[in-house]
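Colleague: Need the complex rebuilt from these two chains, each delivered in its own frame; the hints are there to steer you.
Residues per chain, in single letters:
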Amino acid sequence: MDYHSPASFAEASALAANASGITRFLAGGTDVLVQLRSDLVTPDTLIDIKKINGVSDITRNADGSWTLGVAVTGAEMSEHSGLGRDWPGVVEAMDLVGSTQVQGRATLTGNLCNGSPAADSVPAMVAAGVTVMVTGPGGTREVAVEDIPTGPGKTALAKGELISAVNIPARGERGGDAYLRFIPRTEMDIAVVGVGVNLRLDGDTITEARVSLGAVAPTVLLVEDCAKAIVGSALDDAALDALASAASAACNPIDDKRGTIEFRTEVTGVLAKRAAKIAYARAKGEDL
Amino acid sequence: MALDDRKSDFNFVGTRPDRPDGLDKVTGRAKFGADVSAPGMLHGAILRSPHAHARIVRINTAKAEAHQDVKAVITRADFSDKPEFRPGLEGEFWNVLENVMAGEKALYDGHAVAAVAATSALAARDALKLIEVEYEVLPHVTDVDKAMAPDAPVIREGAADYSVPEGMHPNVVRYHESGHGDVEAGFAEADLIVEDSFVTEATHQGYIEPHACMGSLGADGRGELWCTTQGHWYAQKYCAALVGIETAQLRVTASEIGGGFGGKTTVFIEPVALALSRKANRPVKVVMSRSEVFRATGPTASASMDIKIGMKKDGTITAAEGIFRLQGGAFPGAPGDMTAMCAFAPYNLTNVRQVGYDVMANRPKQAAYRAPGAPMGAFAVESVLDELCNQLGLDPVEVRLKNAAYEGTKANYGPTYPRIGLVETLEAAKAHPHYAAPLKPGQGRGISCGFWFNHGGETSVSLALSEDGSAQVMVGTPDIGGSRASMALMAAEVLGIPYENIRVTIADTATLGYNDVSHGSRVTYASGLATIKAARHAIERLCERAAAKWGIPVDAVKWENGCAVPSGPNAGDFDPMPLADITADMGATGGPISGHFEATPEGAGVSFGTHIVDAEVDPETGKTSIIRYTVIQDAGKAIHPDYVEGQYQGGAVQGIGWALNEEYIYGEDGRLQNSIFLDYRIPVASDLPMIDTVIVEVPNPGHPFGVRGVGETGIVPPLAAIANAVSNAAGVRMRQLPMTPPRILAALKDNG
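These protein sequences, in sequence, are chains H and L. Here this note's numbering is used: the first residue of the first sequence is 1, the next is one more, and so on. Here this note's numbering is used: the first residue of the second sequence is 289, the next is one more, and so on.
Looking at chain L on its own, in the form it has when it is part of the complex (with noise of 0.2 Å):
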């Protein structure tokens, strides 16, 4: 048997058939967090804070209690106050429960505070007005400059780790610091040197399904959970250690998922739903409303950073400098390293010096958003880099490939890049119509480059085959993007057996091992990798049974177009066998045949990318229009290019939510002002332009069809790309994030 490692020409990959899930989305037929029912079931709903800070007094619940049509009511006292930590899991689970139901403090407005069971989710909702809940007041902060003063109110004593130097406030709870060379030396090399600050709001990733599960967990300490996330092992280990059970006695299954960006890789009203099955020992479905999941579960850390970047005439870097605060909410997490590491990414520096701070703040607890802590940093380098080449006269295009990054090249975070993409993707920006096409007057161009890690995990797959020759590939990853067509066209490419013979599943937690969230761009890179080497697997047993029908030795057999064929014309004279010839009798010739994988695929391969826009300015009014735009990235290699360039699209338009009108809005009391679509302003159909799409090969050497995962980087370099193009179309610097059409029109009237 013969497999290459290495593969590059495809019968497969690269084409683009319908995805499988697509008439189940369309018809409804398709079940998403909120569309299972089970008999008997309750419906929960939770009190939340009305307060940014505050002590938790007292909670009577005996009036809830006593509702006819109410069968439990929960606090913090119904969950597992000491659960059986993992090892270096302790303070994660602890913050995850602070958060999923609040302890001796209410930490943000929306905090989760008591829940209830009932009959209906009329009742369940009204009986909450039942419960009484005595706060005493405490002072709040949700700003992260302020939250930093030595002023500001105290989130949590001693939440800070190791890595905070000494002399900062109690609210910095984790430091990053990196870099290489000497920056006071580059910049006095420097011709010209911009230093400058930026600012972004908080937003959220804003999918189209709000949270829901179902739990049932009897007092024989054995539960099920359905629910729609991003990973439901680890659902399945947070839930498990809230309601202290054992992690196996939980059987997680995913539902279909209406969107995820991240959002959906923690628990929120999973075990709350688990402790009021508990007590009430019925099965209990919680949904939450719109207002909820803005309030209450994990939206961007909002930053504040500082710039400074130094440059030769020619265009080349001398030195760059910067220090990004991220505000997570009021627990440990903002991704300030993240931020911190990603910003320079895209360039070959020989003085680069990066801090990241992870403040604390009375906000919900941040989380992951497509490459989290990457876009507002690109805005502020990008930004920054853009204003050198105004005032040098440079072309920015130019300008980032003198200093762009290669294969060798030293990163500001500290690897030696292996084979990337960076100047593919910049070559192809000016090879592009769109960099050479006129602007009109009122009109601006904005570029900029991105950059993300990319991510392995832990996975698992299991292939197995039917006696039919049709195949059946169970992952643990939920298809967030497309995923289940990529996995059926990589396992189709090994097999050599059509697309359409091969059903993929996302497997629940009892009935494969144990995978990684769908989150770090990993799901075609590793799951992918995962499904090739389990159909190799597979395949591997499929010559088995060949080899002995035809009773020549295994290696004298290979695959090869769904058959197996002798290897060479000394194997013996065979017609090729296909592989439903070999299935069709493998009960009786040594069993059923299966394939699997299990490991932490270690070769994501970082990914870049380049966008190009263009946007109008109404000076009048301040208004922004995104007239063009188009998506230039590095996918190593395209599974299913329509998913690709989905991706792409996505976070472009992500990004021009974030860019214009995306925030989160405090009010002077701590409480959140726009928990409704129709005040958080996401980009509607009309707002948009088409999102033009460059896919960008360059193969990633770690994985066998050279994949890269595509679901972040594209995130990344909108917030710049647009605040350059709006800059300069409006001819002042925006350093303020969403650019409001009130901000743009005050920044005109500042500037004359």
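So that you can see chain H by itself, here it is in the shape it has in the complex (with noise of 0.2 Å):
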């Protein structure tokens, strides 16, 4: 195995780009050193990418949008004081993987290049319209974060491409979001369900809403009719039940032994209305 740190993105890519066999990059290591010890995939070439400049740093730009590092922790996600309050949902989200231990190394990078359809950051971010930087040996696109899954354990990065900043869009006026998972523990647990719910008032009305959902498809999904089924209410009943039966309806999951094709199908539409209500409380101001 050779293991290689680079000390640019650009580096890193052209080290992917001519390595043979087995490739992985390296960021906090939750995934690849868990594989790797427990002999499920041993790379040819490892590439660390936590030595490149600026990886770990949460950057609050000038348009109140954010940017963070490819390297940047759960645990420092949850830490920082601004982060948590533009994006309570997304960051809620991330801090739901793992244990204490590993949200001091797992980043929101490694989450979505995992490709798990039950990530629970990516419904988060995809409800958010978080984007990606990609560099390849072409140079650098942004991609958003629902186009990079593209099946279990799969993504649309080419060889030679790896994920070089993740982009959070400036919060706004009355946003809120929220990602609800369920799990049949307290913590320490894969998501059976989860769902990331994103929106914005104009008074009490719903003006905007993305919608996304985990572990119930061979991708995390971002449902246009969930978006639909609340936008131009005020999260009354009707809307809720509607965004249930969209929720629910968009559901394409498999029978294994997380939970049932029923189960998921259910809960779906269950957590879909704890979350827009979470939401939705948020983009109000309540501090939930």
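A hint or two may mislead.
Below, simulated DSSO-like cross-link-like pairs (lysine-lysine); rule was C-alpha separation at most 27 Å, straight line [what the hints assert, rightly or not]:
#1 L:Lys846 <-> L:Lys295
#2 L:Lys567 <-> L:Lys417
#3 L:Lys728 <-> L:Lys600
#4 H:Lys277 <-> L:Lys728
#5 H:Lys277 <-> L:Lys1037
#6 L:Lys600 <-> H:Lys257
Derived from the structure by calculation, the hints contain no laboratory data.
Modeller: This is how it looks when you write it as structure tokens:
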């Protein structure tokens, strides 16, 4: 196994482009090292991106948007004074991943690139409209988070491409987001269902919404019908019921050791309602 | 010398001093199974079957053997395939050998088929990939009911014993039937009969420390073994037989143990390490991964059960009948008999009949898990009792009190109970504030009683006094529940010297007489009894020395508060002679002073408990929260109450896991789907409420201080108590464990 610690994303990209066999990028390592130790994946080339300048920075830009380095950890996000005020749903979703020890290592980018449909931070990022910068042999491009995963364990990243930054939009006025997941315990588990909701109000009326579902399809879903169900409403019972129906209708889950098709489909609607209520309250300025 | 046979006032027993192994454990100084190494040591790794049931056509180890880092490769051929069987143990020796290393067939996913020893753990793991195994995959079965069906694949012809009635499938290997009275007549007297069926999945003990050992065996047939185990004499006997050496030539030392709960009462990797060591002529360490622990050690049995109970309107049980089918993996041993005997044991029944089946399937060989077999049976029986109480509008504690067994009751499994404490636990439940606390909407309360036999077992203890008056106690039962503290308290009580002046050691097999395993809730009872008797034996010697010094007869000396004293005014006027004054010159007054005791104590004393649980069910997701839990159990006499409470709380916690989320999940291919803690969901700390405990003390007549074992009874009531709480909260009877959110939500939907 070859280990590299490049000083730039261009260098990292070139190393990956020229590598043969299995290549893995190493940020927090909470997936890569676990897979390595359990003999699931033994990379031929391991490219550590933690030593690139700026990868641990959390930056609030002049327009109110945020840029996060690819090695920013869940703990650093949770402990940041401003990020969670703007995007509590994104921060809380990341904070649900793993244990306290894992939080000291795990990153949004790693959670996304692992390609799990059950990744907690991904529905929250999709709902929030997060984009990532993808650096490859041909330069750097901006890609929406929902366009990165293509199936369980698979991403749209080509050979030699890696994510080089995470962009979270400006929160703006009267907006709120929330992420909820279902697990049978209280922590340290994998989502059976995950729902991210992000919305904006004018008065009491929802004017914009993005609803994203996790663990109910081969990839995290951005569900337009869920947004339509609540936009224009004040999140009354009829709107909530329409949201739940749309969310359940969008599910295309599997039966597995973590849950049944029926259960996932039903609970997706339940969590969509609960997450929407939290996002709505946050948009109204309530501290939840 | 005068010694009370029974004691009821104590100086040390019942106090809560720090545990002697505490500092070692919190600082990392304690040495567990994987914490040893030796010069030249190799690392072993085991190749495991990916198939649930397959004939092993051929194994080619040539490539692995040729690898420069590999020093030995073994298969079944490297074991003593005809171990020198001892009378009465032939079958089980063969079963253990067959489980340790597959012979003609791989019998379950994870069954060991070969092993290597290499210069590093990584090299050993990678060398396994060089071993080529050709399998002929066979049909498999993992479900207990399907394993009994006429068309089920046969695991092994001829495994059934004499007890199995003719015409049963060969996978049914033992049959138990017992009871008394006339159940049909009893059912005819009932005002209400409830008949229902229940299933439970296999669970794992979930001990934090995976199996680990280091073995060294020379060409001279002499060996050393260090391992994490609940019973190193068992390990000695079985390992010696499997590698074909004399028992006494293998010295086994038990490491500090990171949990066992019954799962470390047998051997898995230990004979493999020894066989590898003999072939490589170097010490070999083997450490299981968590996945190996799940796939290839001993989980509980799974169960399928039918219960029928008749009751009068006043709550009197008129008849009870149960059929209990237990699946215990690809070997005989599922405790269908235990389940049958325990299920109705709390009750004074005129008419009762119970049937138990031991059924084989393509799963790992089940091992003990706290009160093996009893929790499942209690789940089924106590669920039906709850249903009867609900339908008749009766209080569940009052109904249990009305039918409770007491001293003189003829137990459902045969004997007549001596003094027992079930009624006292029920009275304590009735009086507990928990039982009267109001419930909110969506919450439900569950009650259950539970029973376990408890065990005595072969026991040896040796106690040696030092010149400064301190004492060392050598016991042979690995400390899985704070027993070193309890032994020191009992020795302090008898000797009359401070707890801190006593060091208790788990002796190895070469330095103490034979000891049965730390199982059956026997340690505080049996090793405790032996410690008391060994201390009394030493006191006899101490009194002799004092008598000689004073020049009076030994029967004119008694032991009081750590001193020899004249037994009365006529014996002479002497100041009390402290223990340390006698030991100071013991070398010159007759030699070292020690005490010892060897026996098989028979008076373990059965144990009962009653649990109260409040649960809340989210009707939209089926998720259960346990919001309040109270354990009430008879300890006979609590030697160190902290550790008694710890056993109670631990039983409740493991029961919560078993009831709500823990299960072995097999795919259609017969492979285990959830062999890591991520998907085998034991409770995490935040899942749990504070578990309240009430220690009831109804002394056991079979122990000098009244001790009853407490390690197992605590896991008998939880499955039923939680199922009753959840069923009452959800308004629908839950008949399958674990009660996962998908199952609860489905039950709610079916219920409309």
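Colleague: Which of the numbered hints above does this structure break?
Modeller: Of the numbered hints given earlier, those the structure breaks are 3 and 6, listed in rising order.
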